[in-house]
Amino acid sequence: MRNSAVKQKRDMEERTKAMKPLSDRLWSGRGALARHGDYWYPVRLIMRENDGWIVRWWRHNLFLDNTISPDEISLVAFPDLVDSLWGDTEGRRRIRLGQWKHAHEVETSEDILSDPSSIPYSKGIDTILSREKDILARLLLQEDIEDDIPAKQWLINAKKPLNSLIPYAGCLSLIERAQIANWFERHIANDDRALRHLWLGRLPIAHAYTVYISAHLKSTGHKNKLTTKEDRLEKGWDSQFSRVPSLLIDVDIEKECLSRLEEEMFEMSKRAGVAGNAQWGLDSGDHQYWWPYNGLPDHWNHRDREENDIELEHGPNYIRNPSPPAPKRMTPPKPRPIVRQRE
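Under the numbering used here, the sequence shown has 176 at position 183, and the numbering climbs by one with no breaks.
Hints listed in this document are in silico derivations from the structure and should not be mistaken for laboratory results.
By construction, the Cβ of each residue, glycine as well, lies at the ideal position given by its N, Cα and C atoms.
Fair warning: there could be bad hints in the mix.
In silico DMTMM-like cross-links for lysine to aspartate or glutamate, where the CA-CA straight-line distance does not exceed 20 Å [to be verified]:
(1) K94 - E260
(2) K0 - D297
(3) K153 - D141
(4) K153 - E139
(5) K263 - E227
(6) K263 - D4
Label pairs and their in silico Cβ distance ranges [to be verified]:
(7) T60 - N156: 13 to 21 Å
(8) D224 - N314: 31 to 39 Å
(9) N314 - R131: 51 to 59 Å
Could you build the full structure based on these sequences and the hints that come with them?
Spelled out as structure tokens, the structure:
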């Protein structure tokens, strides 16, 4: 039993590289916490630069201001980054957590793809697809189009009805497909959910995928060979048709990254020690108007360690959040005086 506990502790220390300096505990693809204002929010590390890391902020972060957006990619300086701080009680007590939606609360890949409102589109997707708004709108209206639409030609060659399902999305990630669907519903379907059965999984969205894929071929080795729009669309469809998304592509990378980080942050166990007993922010102050330990997966609490109230005492410089602004109460208008006519 003792050997098993020792092994479990060693496994987590190796996973988090807890015994090494912070600079060695941060690597591309790793989940981390980044500071914005008074609070720290989850990010995924993308690329190390001279003065910090390029990161993607978790798409379900709830920031208090508009200077940064969820799912945004930006450069964060080294002093504003930490990992899960496994076993580091003092480090955790200094950090106030911003508010976000936990990974286990996020919809599954099936939920995301069936709900175009789930993930907002990016600026890049808007730039690429806006050029084809007219064609995409006509496809939604099922108008006869003479333009080259490779997915439509595939349906014709296969002797399928034009409203048949087209299950090809090439190497597009789950998030890219969800963002393209979000853009389509907003700009082509005009936010009319009743129209989803006409385009989700069908020709209109399939062509949107083709347009997006073909636009990215410009930056590859095909750049000099694809001289016309028709050439790019055909090559884009070839890529889309020949590379059906696999289970690996359908994995929500951002969600999996956060889930792994949160397990390290919130595990309550003997191997986590005092640091696992709700230590975040206890020397610093309140979190961003939430209790981050609510609703966590039950298996993260191993119930193999006795906690005590002394571990949960606040430090002398603990800061309380000001009360959130109360909603403005609408004052009912005063009744107009009744003007009596003179007799």
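Going through the hints against the structure:
| no. | hint | in the structure |
| --- | --- | --- |
| 1 | K94 - E260 | 17 Å, holds |
| 2 | K0 - D297 | 15 Å, holds |
| 3 | K153 - D141 | 18 Å, holds |
| 4 | K153 - E139 | 18 Å, holds |
| 5 | K263 - E227 | 58 Å, violated |
| 6 | K263 - D4 | 13 Å, holds |
| 7 | T60 - N156: 13 to 21 Å | 45 Å, violated |
| 8 | D224 - N314: 31 to 39 Å | 58 Å, violated |
| 9 | N314 - R131: 51 to 59 Å | 52 Å, holds |
The structure fails hints 5, 7, 8 (numbered hints given earlier, in ascending order).
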